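Sequence order for the protein chains is U and A.
According to my numbering, the stretch in the first sequence is residues 1 to 117, in order.
According to my numbering, the stretch in the second sequence is residues 1 to 116, in order.
Calculated from the structure, these hints are not laboratory results.
Wrong hints could be hidden among the right ones.
In silico BS3-like links for lysine-lysine, alpha-carbon gap of 25 Å or less [said to hold, decoys possible]:
| hint | chain 1 | residue 1 | chain 2 | residue 2 |
| --- | --- | --- | --- | --- |
| 1 | A | LYS70 | A | LYS115 |
| 2 | A | LYS3 | A | LYS38 |
| 3 | U | LYS57 | U | LYS71 |
| 4 | A | LYS16 | U | LYS57 |
| 5 | A | LYS16 | A | LYS38 |
| 6 | U | LYS11 | A | LYS38 |
Short, incomplete list of chain U residues facing chain A, as computed with Cβ under 7 Å [to be verified]:
| hint | residue |
| --- | --- |
| 7 | GLY42 |
| 8 | PRO43 |
| 9 | GLU56 |
| 10 | THR105 |
Only a predicted model underlies this, so the values are computations on that prediction, with no experimental measurement involved.
Cβ atoms here follow ideal geometry from the backbone N, Cα and C, with glycine treated the same way.
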Amino acid sequence: DTGVSQNPRHKITKRGQNVTFRCDPISEHNRLYWYRQTLGQGPEFLTYFQNEAQLEKSRLLSDRFSAERPKGSFSTLEIQRTEQGDSAMYLCASSLARTGGGTDTQYFGPGTRLTVL
Amino acid sequence: AQKVTQAQTEISVVEKEDVTLDCVYETRDTTYYLFWYKQPPSGELVFLIRRNSFDEQNEISGRYSWNFQKSTSSFNFTITASQVVDSAVYFCALSEPMEYGNKLVFGAGTILRVKS
Numbered sequence: 001d002t003g004v005s006q007n008p009r010h011k012i013t014k015r016g017q018n019v020t021f022r023c024d025p026i027s028e029h030n031r032l033y034w035y036r037q038t039l040g041q042g043p044e045f046l047t048y049f050q051n052e053a054q055l056e057k058s059r060l061l062s063d064r065f066s067a068e069r070p071k072g073s074f075s076t077l078e079i080q081r082t083e084q085g086d087s088a089m090y091l092c093a094s095s096l097a098r099t100g101g102g103t104d105t106q107y108f109g110p111g112t113r114l115t116v117l
Numbered sequence: 001a002q003k004v005t006q007a008q009t010e011i012s013v014v015e016k017e018d019v020t021l022d023c024v025y026e027t028r029d030t031t032y033y034l035f036w037y038k039q040p041p042s043g044e045l046v047f048l049i050r051r052n053s054f055d056e057q058n059e060i061s062g063r064y065s066w067n068f069q070k071s072t073s074s075f076n077f078t079i080t081a082s083q084v085v086d087s088a089v090y091f092c093a094l095s096e097p098m099e100y101g102n103k104l105v106f107g108a109g110t111i112l113r114v115k116s
């Protein structure tokens, strides 16, 4: 059973450049989440998708950030005009949301560590 | 707003000692879910347990046990007979029910160092 995968694992870029990260969720999972984690902190929610629909975006997600999940499978997170404050670990998680209430468990990928010089 | 507090920034123990990681949460919801995740040096968050607000039974899984007390809004995690491989950052998290998105609110984490 393949887990959540993320690429690249590390990205170093210069301020002002655009970067794109990819997340491949567990195959049958219909929900996909993006989180950001800075040093010494817990992950913070950025956005999530149910299938291909982006249902919620955090205030942390500025206009320079955009996420897509075009066919309800993999997702991309793009950051335009990167700033040094964007340096962080970007984590992707997926889950299987079932009807009838309750909750689903999110399974995380290894993350993409972004360094903006 | 939901909030999770892990007051212990870092804990160091010697192998075979028992250790308890504290987690206190705040929420106005009557239905909510609590989680613990482990983040080893490799960086990937590993799911350990989830608990819903209606189930206050303690749970034991091998050397791990969890104590959920709604009266004190706490969900503490105990490792019995700690091992070096337990060294990691442990996160407690809180979520809304699924129909509200289920996004996780994490605490700042507790670094556990187990020395041989």
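| query | Which hints, by number, does the structure contradict? | reply | Hints 1 and 4 are the ones this structure does not satisfy, whereas the remaining hints hold.
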